[in-house]
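*Asks:* The chain contents come next:
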Amino acid sequence: MPRLGAHSENGMTEKIDEGLRSELQKRGVWVTSTQELYNWGRRNSIWPLQFGLACCAIEMIATAASRYDLARFGGEVFRPSPRQADLMIVAGTVTKKMAPQIVRLYNQMPDPKYVISMGACAISGGPFKQGYNVLKGIDRFIPVDVYIPGCPPRPEALLHAFMELQQKIKDQQLSGKNKAPHLAREQPSEFPVPAFGAHDLEPSKNPDVFRPPHLERT
Amino acid sequence: MTPDPYFFLVIFAGVALVFPLMPLAAAWLWRRLAQPPKPGPQKNATYECGMESIGDAQVQFQSQYYLYCIIFLIFDVEAIFLVPFAVAFTGLPFGAFLAILVFLLLLLEGLVWAWSKGCLDWARIRKTA
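Chains A and B, in that order, give the protein sequences.
When you read off a place in the first sequence, starting at 1, and then add 79, the result is the number in my numbering.
When you read off a place in the second sequence, starting at 1, and then add 6, the result is the number in my numbering.
FYI, nobody ran anything at the bench for these hints, they're computed from the structure.
One or more hints might be untrue.
Some chain B residues flagged as far from chain A (calculated, every beta-carbon gap over 12 angstroms) [what the hints assert, rightly or not]: (1) L39; (2) P47; (3) M57.
Chain A stretches covered by chain B per the calculated footprint, using a threshold of three residues with CB under 8 angstroms from any CB of chain B [claimed, not checked]: (4) 153 to 163; (5) 268 to 280.
In silico contact screen, one side only, chain A against chain B (beta carbon under 8 angstroms); selected entries [unchecked claim]: (6) L99; (7) Q180; (8) R183; (9) N186; (10) Q251; (11) L253; (12) L262.
Only a predicted model underlies this, so the values are computations on that prediction, with no experimental measurement involved.
Don't be surprised by glycine CBs; every beta carbon is placed ideally from N, CA and C.
Please construct the entire structure, taking both the sequences and the accompanying hints into account.
*Replies:* The structure is reproduced here in structure tokens:
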């Protein structure tokens, strides 16, 4: 693996002195690294996959439209094909009938790919958690990067999640120990698609992805 | 010495070759150096809307749909005649009403005939001779 960008062996980024950099910028000299250039391009052109599941999708549409204008962050290019999408906004209630299709769409997206879990339903099942037909959180099957609480969350909340995701992409490293997971050869690109069974999805969760916090009751 | 007047074509061909090859080479280098390719059966699947594709795309199709098209065309044009009739309905004499009724009955007879001939059956079962 060749070294891209300035990294030391322990995986920490050897950053250029900020004072020196701003001094150089005043003289018209821009100093950057491959990693910064790569992440700058990626985080300012996040293309979401165009699909909505429930009422959160209406808020997502409002976010993309002129009043809230997701285009200010470079995310207005909603792609109808997973092949061209970087971001999956799971906007709404994921029913058990729909969950296999969502996992399959996620599998068909090329790396690097990100997931925003929007609204109470996508996080945990929301008001339908006790029901029989709603998945209790999309993070049971695919890794989620940003969660947005709310029922539904306002467009500002989605914009905030978008900015959080941009920050996350900005901090991803190209090489070293802490390099971004999609660059690792062993990190899977496809996740097992659950089958729609008689009573529940089979399997009901992917234990490699779903690690809920264990609460000790005293 | 003036260059050959067609020399710009050589430059044009060179640029046309190099310009698309550069991003392809950059993508190839990026794949080799930084990002390992991760193909998979689902990622390489033809259909990309989340559903699994079923069956073969190269299916045989009944050619008899042309009868459907002709019948549809006839009744589509009929609507064009019926709209002015409906608009002017209250001012029409009884003779005009009878005339349009005859026209409609003629078309209805055609429909009944086509129906009885089996033109409206989509997948026509072959009758054994």
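*Asks:* Against this structure, judge whether each hint is valid.
*Replies:* Okay, the hints, checked on the actual structure:
1. For B:L39, the non-interface assignment is contradicted: its Cβ lies about 6 angstroms from the closest Cβ of chain A, within the 12 angstroms cut-off.
2. For B:P47, the non-interface assignment is contradicted: its Cβ lies about 8 angstroms from the closest Cβ of chain A, within the 12 angstroms cut-off.
3. Distance check on B:M57: its Cβ comes as close as 6 angstroms (rounded) to a Cβ of chain A, failing to clear the 12 angstroms threshold; non-interface status is violated.
4. Counting residues of the region 153 to 163 of chain A whose CB lies closer than 8 angstroms to any CB of chain B gives 3, so the stated coverage by that chain holds, three being the minimum.
5. Check on the region 268 to 280 of chain A: 3 of its residues sit with their Cβ under 8 angstroms from a Cβ of chain B, so the three-residue criterion for coverage holds.
6. At a threshold of 8 angstroms, the smallest CB-CB gap from A:L99 to chain B is about 27 angstroms, leaving the interface hint violated.
7. Taken as an interface hint, A:Q180 checks out: its beta carbon lies about 4 angstroms from the nearest beta carbon of chain B, inside 8 angstroms.
8. Among the interface hints, the one on A:R183 holds; its C-beta lies about 5 angstroms from the nearest C-beta in chain B, closer than the 8 angstroms criterion.
9. The beta carbon of A:N186 is positioned within 8 angstroms of a beta carbon in chain B (closest approach about 4 angstroms), and the interface hint is therefore held.
10. Restraint check, A:Q251 versus chain B: the minimum CB separation of about 12 angstroms is more than 8 angstroms; hint violated.
11. At about 6 angstroms, the closest approach between the beta carbon of A:L253 and any beta carbon in chain B falls short of 8 angstroms, and the interface hint on this residue holds.
12. Because the beta carbon of A:L262 sits about 6 angstroms from the nearest beta carbon in chain B, less than 8 angstroms, this interface hint is met.
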